[in-house]
Amino acid sequence: MSQHHAGPASLADPFSSSTRLAHDHAAVSPSSPVDGESAMLRAVESSVVRKIFGGNDVSRRSFMKMLGASSAMAVISSIFPLDAAKAMALDAIGPIEKKDVKIGFMPLTCGTPIVMAHPMGFYKKYGLTEAQPYKASGWAMIRDWAVSGQTDYTQMLAPMPIAMTLGLGSPKMPFLTPALENVNGQAITLRMDHKGVKSAKDMKGFVFAVPFDYSMHNLLLRYYLAEGGVNPDTEVQIRILPPPEMVANLKAGNIDGFLSPDPFNQRAVYEKAGFIFMLTRDIWPGHPCCAFTSSKKFAEEAPNTFKAIFRAIIDATMFSSDPANRKDIARAIAPRNYLNQPVEVVEQVLTGEFPDGLGNMCHVPERINFDPFPWDSMAVWILSQLKRWGYLKGDVDYRGIAEQVFLAADCASVMKEMGFTPPASAYKKHVIMGKEFDPDKPEEYIKSFAVRKA
Amino acid sequence: MNSKSLLLCLLFGAVFLALWQLLAQGSEMPTPGQVASVSLDFLRDPFYDAGPNDKGIAILAAYSLVRLISGFVLASVVAVVLGVVLGRSQTLFAAVNPYIQILRSISPIAWMPLLLYSVKDSEMTAFFVIFMASLWPTLANTAFGVSSIRREYLNVAAILQMKPSEKFFKVILPAAGPAIVAGLKISMGSAWVALIPAEALLGSLGLGYFVWNEWNNLSLPSVIFAILTIGVVGVIVDWLFSRLARRLAYTD
Numbered sequence: 001m002s003q004h005h006a007g008p009a010s011l012a013d014p015f016s017s018s019t020r021l022a023h024d025h026a027a028v029s030p031s032s033p034v035d036g037e038s039a040m041l042r043a044v045e046s047s048v049v050r051k052i053f054g055g056n057d058v059s060r061r062s063f064m065k066m067l068g069a070s071s072a073m074a075v076i077s078s079i080f081p082l083d084a085a086k087a088m089a090l091d092a093i094g095p096i097e098k099k100d101v102k103i104g105f106m107p108l109t110c111g112t113p114i115v116m117a118h119p120m121g122f123y124k125k126y127g128l129t130e131a132q133p134y135k136a137s138g139w140a141m142i143r144d145w146a147v148s149g150q151t152d153y154t155q156m157l158a159p160m161p162i163a164m165t166l167g168l169g170s171p172k173m174p175f176l177t178p179a180l181e182n183v184n185g186q187a188i189t190l191r192m193d194h195k196g197v198k199s200a201k202d203m204k205g206f207v208f209a210v211p212f213d214y215s216m217h218n219l220l221l222r223y224y225l226a227e228g229g230v231n232p233d234t235e236v237q238i239r240i241l242p243p244p245e246m247v248a249n250l251k252a253g254n255i256d257g258f259l260s261p262d263p264f265n266q267r268a269v270y271e272k273a274g275f276i277f278m279l280t281r282d283i284w285p286g287h288p289c290c291a292f293t294s295s296k297k298f299a300e301e302a303p304n305t306f307k308a309i310f311r312a313i314i315d316a317t318m319f320s321s322d323p324a325n326r327k328d329i330a331r332a333i334a335p336r337n338y339l340n341q342p343v344e345v346v347e348q349v350l351t352g353e354f355p356d357g358l359g360n361m362c363h364v365p366e367r368i369n370f371d372p373f374p375w376d377s378m379a380v381w382i383l384s385q386l387k388r389w390g391y392l393k394g395d396v397d398y399r400g401i402a403e404q405v406f407l408a409a410d411c412a413s414v415m416k417e418m419g420f421t422p423p424a425s426a427y428k429k430h431v432i433m434g435k436e437f438d439p440d441k442p443e444e445y446i447k448s449f450a451v452r453k454a
Numbered sequence: 001m002n003s004k005s006l007l008l009c010l011l012f013g014a015v016f017l018a019l020w021q022l023l024a025q026g027s028e029m030p031t032p033g034q035v036a037s038v039s040l041d042f043l044r045d046p047f048y049d050a051g052p053n054d055k056g057i058a059i060l061a062a063y064s065l066v067r068l069i070s071g072f073v074l075a076s077v078v079a080v081v082l083g084v085v086l087g088r089s090q091t092l093f094a095a096v097n098p099y100i101q102i103l104r105s106i107s108p109i110a111w112m113p114l115l116l117y118s119v120k121d122s123e124m125t126a127f128f129v130i131f132m133a134s135l136w137p138t139l140a141n142t143a144f145g146v147s148s149i150r151r152e153y154l155n156v157a158a159i160l161q162m163k164p165s166e167k168f169f170k171v172i173l174p175a176a177g178p179a180i181v182a183g184l185k186i187s188m189g190s191a192w193v194a195l196i197p198a199e200a201l202l203g204s205l206g207l208g209y210f211v212w213n214e215w216n217n218l219s220l221p222s223v224i225f226a227i228l229t230i231g232v233v234g235v236i237v238d239w240l241f242s243r244l245a246r247r248l249a250y251t252d
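Taken in order, these protein sequences are the chains called A and B.
Using the numbering used here, you'd call the opening residue of the first sequence number 1 and step up by one each time.
Using the numbering used here, you'd call the opening residue of the second sequence number 1 and step up by one each time.
One or more of the hints may lead you astray.
[Unchecked claim] List of simulated lysine-lysine pairs, BS3-like, C-alpha gap at most 30 Å:
| no. | chain 1 | residue 1 | chain 2 | residue 2 |
| --- | --- | --- | --- | --- |
| 1 | A | Lys-435 | A | Lys-296 |
| 2 | A | Lys-99 | A | Lys-297 |
| 3 | A | Lys-296 | A | Lys-393 |
| 4 | B | Lys-120 | A | Lys-99 |
| 5 | A | Lys-251 | A | Lys-102 |
| 6 | A | Lys-102 | B | Lys-185 |
| 7 | A | Lys-307 | B | Lys-120 |
| 8 | A | Lys-297 | B | Lys-185 |
| 9 | A | Lys-393 | B | Lys-120 |
| 10 | A | Lys-296 | B | Lys-167 |
| 11 | A | Lys-172 | B | Lys-163 |
| 12 | B | Lys-185 | A | Lys-98 |
[As the list claims (entries may be wrong)] Calculated Cβ distances over 10 Å to all of chain B for the following chain A residues:
| no. | residue |
| --- | --- |
| 13 | Asp-144 |
| 14 | Val-147 |
| 15 | Thr-165 |
| 16 | Pro-171 |
| 17 | Gly-196 |
| 18 | Asp-202 |
| 19 | Gly-205 |
| 20 | Arg-267 |
| 21 | Glu-271 |
| 22 | His-363 |
| 23 | Tyr-427 |
| 24 | Ile-432 |
| 25 | Ala-450 |
[What the hints assert, rightly or not] Among chain B residues calculated to face chain A with C-beta under 10 Å, some are:
| no. | residue |
| --- | --- |
| 26 | Trp-20 |
| 27 | Leu-22 |
| 28 | Asp-54 |
| 29 | Ala-58 |
| 30 | Pro-113 |
| 31 | Glu-152 |
| 32 | Trp-212 |
| 33 | Asn-216 |
| 34 | Leu-218 |
Derived from the structure by calculation, the hints contain no laboratory data.
Beta carbons: idealized from backbone N, C-alpha and C, even for Gly.
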C-alpha cells in the first residue's frame, strides 16, 4: 500500500518558453529525473539566463518564444561563456566525500525543504545522489542521532544547535546552523471548550504542551504568557509532548492547549479537537522555527559534502518559499515515507488557506514561510530567552556563540554565489509583540522583563 | 482444541466483533469493516519498499524478528551459563540474588536512555533492550533449576569421574532442562513485549515503528491493524518456540 508521491522535479529547461524560472527554479515538472551533474549544468544555465533577463520571467519567455530554444542558447552563449560558468560551478564543490548522507528529520511542515529535497530531486541535483531521509520519533531522538553521528545532517529546532553547543540538555558538542528551514509555521491551539479565551490572562491554570525545552515553541509560549502577565513557571503547566500525542491529549482533555509545530495545529482542527487561537507569526512575524544542522566535526571531515548539501538546502528552501510551488510540495511530502499526513492538512498549512476550527476560513499566506538566512541576532534572542527562563546561567558570550553556531556570513556568500540576494548584515533589531529587541543589548533586554527567572 | 471449544471460541469472536461494530458505529472509533479493509490494503503488498521510512508489513515484521532473535539468543547463552554457575554455589547465589531481583524488576525500556547515551547507536540500543528483557527470567530459572538438581545425579557424575564439560551437557543441562525452558519461554515473551515500545521510541524500523508512524498520522484503523499484527506474530513466535522447546525438554 505504498503511496506514490509526485514525480521528482527536474530542473526545467531555461531555454523553453513554456517553463517558469521563478526564483531561479524550475516548476515541478513530471519529466524524468536528471542525474546530479546535468542538473547542475542546467542550474548554471538557468541562473545565467535569469541574470540576463534580470529575473523578468515574462520577457525571458517571450524572448525564447521569439527565437526558439536552440538559437536563444547560441545567442546567449555568444555573449556569455556558459561552458566556463558551468565548469566553475562544478569545480566550486569538488568531489563529494559521501554521497549516501543520512538526513534526520521530524515529520512536520517545518522541515519542508529538508524533506521535499528528497522526492523533488534537490539532493541529487547537487551530487548527493544517495541521500536518504530518516524519520525520527521525537526531538530527543533527533538530538541523540545527531550526537552519535547516526545522521550526518539533521533538522533541529532552532535553539537546539545552540543548546547542544553549550552542552545544555545534551553532551556538549559543537553544531552548526548553515541555514534555517522555516520562519513562522507554529500556532497556539486551544481545546474547543476554551472558545471564550481572549488573552493570556484567561489561560491561568492551563496545562500546555510544547515539543521540547529547547524549542522556539517553548520560548514563544513563555514570552506570550509573560507579556500577558502570566508567569509560565508558576501559573500554568508546560509539558513536553511529541506533537502527534498533543492532538490526542487535547481530544482526551488532558491538556488545555499547545504551542506546536504544524501540521499538528491544523490536524487538531481537522480532528475537531481544537481551534487555532493564534498563529505565532502574530507574536513575532518572521521568527525562526527549525534549522538545518550539521555537527562541526562532520562539516570539517567532509567539506565538499557540506558545500553540496548547503547549496541543495538553500535551493530547496528558496524553492519552497515560492507560494506557486506549495501545492506540489504538499503532495510530495504528505506520503507515509515522509510526513504521513493527509495532503489536505499539509496543503492548508503550506498555502495559508485554512479553517481555524471556529468556522472561519483564514487567508494568511505568511502562516509559514521558508527563508534560509540564519540571522545571528535571532541566535542572540534565543540565548537571551534561555537565560531569561533559567536554562542558561552565568555570563554569556552572546555574539561569540551566535556567530559560532548560526553561519549567517557563510549563508550570505553561498546565497550570493547562487544568484540570491541575502541581507546585508547578520544582525537586526526584531520586534516581538510590539517590543523591540536590540541584539547589542541582550542583558538589558532580559532585565526589562517583569516576569523572568534570571 | 475440541469441537466444543472451537465453537465457543468462534462464538466469542463473533460476539466481540458485534459489540465492537455496535460501539464503533457513530463514534470516531473505526469499525471492524474499516480495519479489515485497511488490513487488506497492507497485506496485499507486504513486501513493498517505498524508501527508508515506508516499507511493507512483512519487511517490518522481519526487522522486528531479526532484532528479537539476535537479542534473545545472546541473552539466553549468557543467562544459562551464569545461571549454572550461580546454581552450583548456594553461597554465590545467595550473594548475587538481591541484585538479580532488583535488576529484573526494572522495565527493559527504562534502560533505554542510559543505553542510548552510552552505546550511541539506536540499533545497538534496541538490541540491548531485548537483551535485558530476555536475560533475567532465564537466569533466575536456570539458577533455580540447577540448584534443585537431585544430589544423586551429581554424585553419579562424580563417581563416573565426568569431565566438567561432560557433566555440564550430560547431567546439569538435561536435569535443569524443564526449568531452563520455562525461563526461556518467559524471556521470549518479555522480549517481544519490550521490543515494540523500543522500536517506537528509537525510530528503528519494525512493527513498533509502524505503530508509531501510523499514530503520527492518527490513523486508528492502521494502528489497530498494527496491534493485531503484533499479537498474531507474537503468537506464532510463541508457538514455534514451544515446538522447539518440546524437542529439547527432558523429563525424568
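Comparing the hints with the structure gives:
Proposed proximity of Lys-435(A) and Lys-296(A) is contradicted: the alpha carbons are some 34 Å apart, above 30 Å. Only pairs whose Cα atoms come within 30 Å are accepted, and Lys-99(A) paired with Lys-297(A) is accepted, the gap being roughly 17 Å. Between Lys-296(A) and Lys-393(A), the direct Cα distance comes to roughly 24 Å. Compliance with the 30 Å bound is thereby established for this hinted pair. Distance check on the hinted pair: Lys-120(B) and Lys-99(A) sit about 23 Å apart at the alpha-carbon level, within 30 Å; holds.
Of the pairs offered as hints, the one joining Lys-251(A) and Lys-102(A) is violated, with about 35 Å between alpha carbons and a cut-off of 30 Å exceeded. Restraint check for Lys-102(A) and Lys-185(B): the C-alpha separation of about 38 Å exceeds 30 Å, so the hint is violated. Among the hinted pairs, Lys-307(A) with Lys-120(B) is consistent with the structure: their alpha-carbon atoms are about 27 Å apart, no more than 30 Å. Restraint check for Lys-297(A) and Lys-185(B): the C-alpha separation of about 46 Å exceeds 30 Å, so the hint is violated.
For the suggested pair Lys-393(A) and Lys-120(B), the alpha carbons sit about 28 Å apart, so the restraint of at most 30 Å is met. Pair hint Lys-296(A) plus Lys-167(B) does not hold up; C-alpha atoms about 58 Å apart against a cutoff of 30 Å. Taking the CA atoms of Lys-172(A) and Lys-163(B), the gap is about 54 Å. The hint is violated against a cut of 30 Å. About 45 Å separates the Cα atoms of Lys-185(B) and Lys-98(A), which puts this hinted pair outside 30 Å; it is violated.
Not every CB of chain B lies more than 10 Å from the CB of Asp-144(A), the least distance being 5 Å, so the non-interface label is violated. The claim that Val-147(A) lies off the interface is violated: its Cβ sits roughly 7 Å from the closest Cβ of chain B, which falls inside the 10 Å cut-off. For Thr-165(A), the condition that its CB be more than 10 Å from all CB atoms of chain B holds, with the nearest at approximately 18 Å. The Cβ of Pro-171(A) does not lie farther than 10 Å from every Cβ of chain B; its closest approach is about 8 Å, which violates its non-interface assignment.
In this structure Gly-196(A) is separated from chain B by more than 10 Å, as the shortest Cβ-Cβ distance comes to about 25 Å. Against the 10 Å criterion, Asp-202(A) stays outside the reach of chain B, whose nearest CB is about 28 Å from its own CB. Here Gly-205(A) stays apart from chain B, with its beta-carbon at least about 27 Å from theirs, past the 10 Å limit. Against chain B, the non-interface label of Arg-267(A) is violated: not every CB pair exceeds 10 Å, the least being about 7 Å.
Consistency note on Glu-271(A): stated as away from chain B, yet its beta-carbon is not over 10 Å from all of that chain's, at 7 Å minimum. Interface exclusion of His-363(A) from chain B stands, the closest Cβ pair being 26 Å apart, more than 10 Å. Interface exclusion of Tyr-427(A) from chain B stands, the closest Cβ pair being 36 Å apart, more than 10 Å. The claim that Ile-432(A) is not at the interface with chain B holds, since no C-beta of that chain comes within 10 Å of its own (minimum 31 Å).
Here Ala-450(A) stays apart from chain B, with its beta-carbon at least about 37 Å from theirs, past the 10 Å limit. At its closest, the beta carbon of Trp-20(B) sits 20 Å from a beta carbon of chain A; the interface hint therefore is violated under the 10 Å criterion. Among the interface hints, the one on Leu-22(B) is violated; its C-beta lies about 22 Å from the nearest C-beta in chain A, farther than the 10 Å criterion. For Asp-54(B), the shortest C-beta to C-beta distance to chain A is roughly 4 Å, which falls under 10 Å, so the interface hint holds.
About 12 Å separates the beta-carbon of Ala-58(B) from the nearest beta-carbon of chain A, more than 10 Å, and the hint is not met. Using the Cβ-Cβ criterion of 10 Å, the hint placing Pro-113(B) at the interface with chain A is satisfied: the shortest such distance is roughly 8 Å. With a least beta-carbon distance of about 54 Å to chain A, the hint placing Glu-152(B) at the interface is violated under the 10 Å criterion. With 10 Å as the threshold, the beta carbon of Trp-212(B) comes within range of chain A, its nearest partner Cβ sitting at about 5 Å, so the hint holds.
For the restraint placing Asn-216(B) at the interface with chain A, the shortest Cβ-Cβ distance is roughly 5 Å, inside the 10 Å limit, so the hint holds. Here the hint on Leu-218(B) is kept, as its CB sits about 6 Å from the closest CB of chain A, short of 10 Å.
When held up to the earlier numbered hints, the structure conflicts with 1, 5, 6, 8, 10, 11, 12, 13, 14, 16, 20, 21, 26, 27, 29 and 31 and fits the remainder.
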